Amino acid sequence: MATYFDPKSWSPLRAVDLGKRLFEQSWLEQWIAVTTSWVDPVADLGAGTVTALMPDALMTVLSEGILSRFGGQEVSATLLGHDLHATLQVLKVRRRGAHFQTKTVLSRLRWDDHPIEAVTVIAHGVRLIPGVPTKVRTARLDLDGTVTTAALVGWINTQPLDWQLEVDDSGLIRAKHRRRRLTALVDASVTDNRVTVDLHRATWFGLRVPRRMIGTPALLLEQLPNQARIVHATRDGDLVRFRIELPEITGSFDLAQIRSAIVTGTTLIVF
Numbered sequence: 000m001a002t003y004f005d006p007k008s009w010s011p012l013r014a015v016d017l018g019k020r021l022f023e024q025s026w027l028e029q030w031i032a033v034t035t036s037w038v039d040p041v042a043d044l045g046a047g048t049v050t051a052l053m054p055d056a057l058m059t060v061l062s063e064g065i066l067s068r069f070g071g072q073e074v075s076a077t078l079l080g081h082d083l084h085a086t087l088q089v090l091k092v093r094r095r096g097a098h099f100q101t102k103t104v105l106s107r108l109r110w111d112d113h114p115i116e117a118v119t120v121i122a123h124g125v126r127l128i129p130g131v132p133t134k135v136r137t138a139r140l141d142l143d144g145t146v147t148t149a150a151l152v153g154w155i156n157t158q159p160l161d162w163q164l165e166v167d168d169s170g171l172i173r174a175k176h177r178r179r180r181l182t183a184l185v186d187a188s189v190t191d192n193r194v195t196v197d198l199h200r201a202t203w204f205g206l207r208v209p210r211r212m213i214g215t216p217a218l219l220l221e222q223l224p225n226q227a228r229i230v231h232a233t234r235d236g237d238l239v240r241f242r243i244e245l246p247e248i249t250g251s252f253d254l255a256q257i258r259s260a261i262v263t264g265t266t267l268i269v270f
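The sequence shown: position 191 = 190 (our numbering), numbered continuously.
Any given hint could be a false lead.
[Unchecked claim] Cut-off 20 angstroms, straight-line C-alpha distance, at most; resulting in silico cross-link-like pairs (EDC-like, lysine to aspartate or glutamate):
1) K175 x D197
2) K91 x D112
3) K175 x D186
[What the hints assert, rightly or not] Pair by pair, the computed Cβ-Cβ distance ranges are:
4) T263 x T215: 47 to 57 angstroms
5) Q88 x D191: 20 to 30 angstroms
6) G153 x R200: 31 to 41 angstroms
I should point out that these hints are in silico values taken from the structure, not numbers from a laboratory. Being a predicted model, the structure only gives us computed values, none of them experimental. C-beta: ideal position from N, C-alpha, C; glycine also.
Working from the sequences, and respecting the hints, build out all of it.
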């Protein structure tokens with residue numbers, strides 16, 4: 000069975016040693032000189048001088064460099080037009096046949112200013128295609144994460160809906176219709192893009208309304224960004240635990256920019 004490999008063996012002692020060496024000028028100059036090889040062979044792609052091992056070398060250097068620079072620290076990135084800020088906890092890579100699989104664990108994530116407590120991203124069928132720019136393709140992304148109910152409600156309230164939502168003291172969701180003076184106390188879950196609402200209580204102008212008089216049909220979420228599929232999303236106390244699947248995604252990055260970002264600790268950019 001294939002297992003995740005880590006170029007630095009992910010040892011805390013090695014990480015400390017690496018951190019010390021990172022700020023030694025001689026080691027830094029050596030590292031920059033070595034990583035210049037990221038760009039030089041790429042420029043010769045048209046001449047057919049790059050071997051089939053180039054993607055392996057790129058993946059190793061990228062994962063090693065990013066984890067060495069940002070492991071346990073906040074990383075800033077621009078991913079396909081979205082701003083991301085998070086603490087990088089884990090970055091692992093393993094080869095699966097002709098492609099790679101990566102595992103990334105992020106905490107205290109802000110995605111376009113939307114806070115997410117933690118997310119684990121498994122990228123399947125990852126391929127690096129050397130070039131200028133270098134392309135990266137994934138056959139599928141699996142995202143498992145947690146978000147606070149309050150943060151999720153805050154995001155939903157930015158959408159053009161007829162309901163204004165807030166978190167009740169009980170942990171349930173209080174939904175107020177913007178025009179009909181109808182208030183409902185509900186819980187909700189998502190399975191395969193289908194939202195199911197569980198009605199606990201409803202009032203109209205302050206008068207209790209029998210639950211049987213209010214229909215709560217399931218709602219199908221269609222045309223989600225990037226053809227996403229919400230496998231499940233359920234409330235657990237003040238958190239919502241979710242799993243989302245994304246189909247094939249293609250991005251590009253400039254090796255010189257990535258190298259510079261790792262050395263200086265600035266923003267990583269994938270476009």
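Margin query: So, against the hints stated earlier in the document, which numbers end up violated here?
Written below: The structure breaks hints 2 and 6; every other hint is satisfied.
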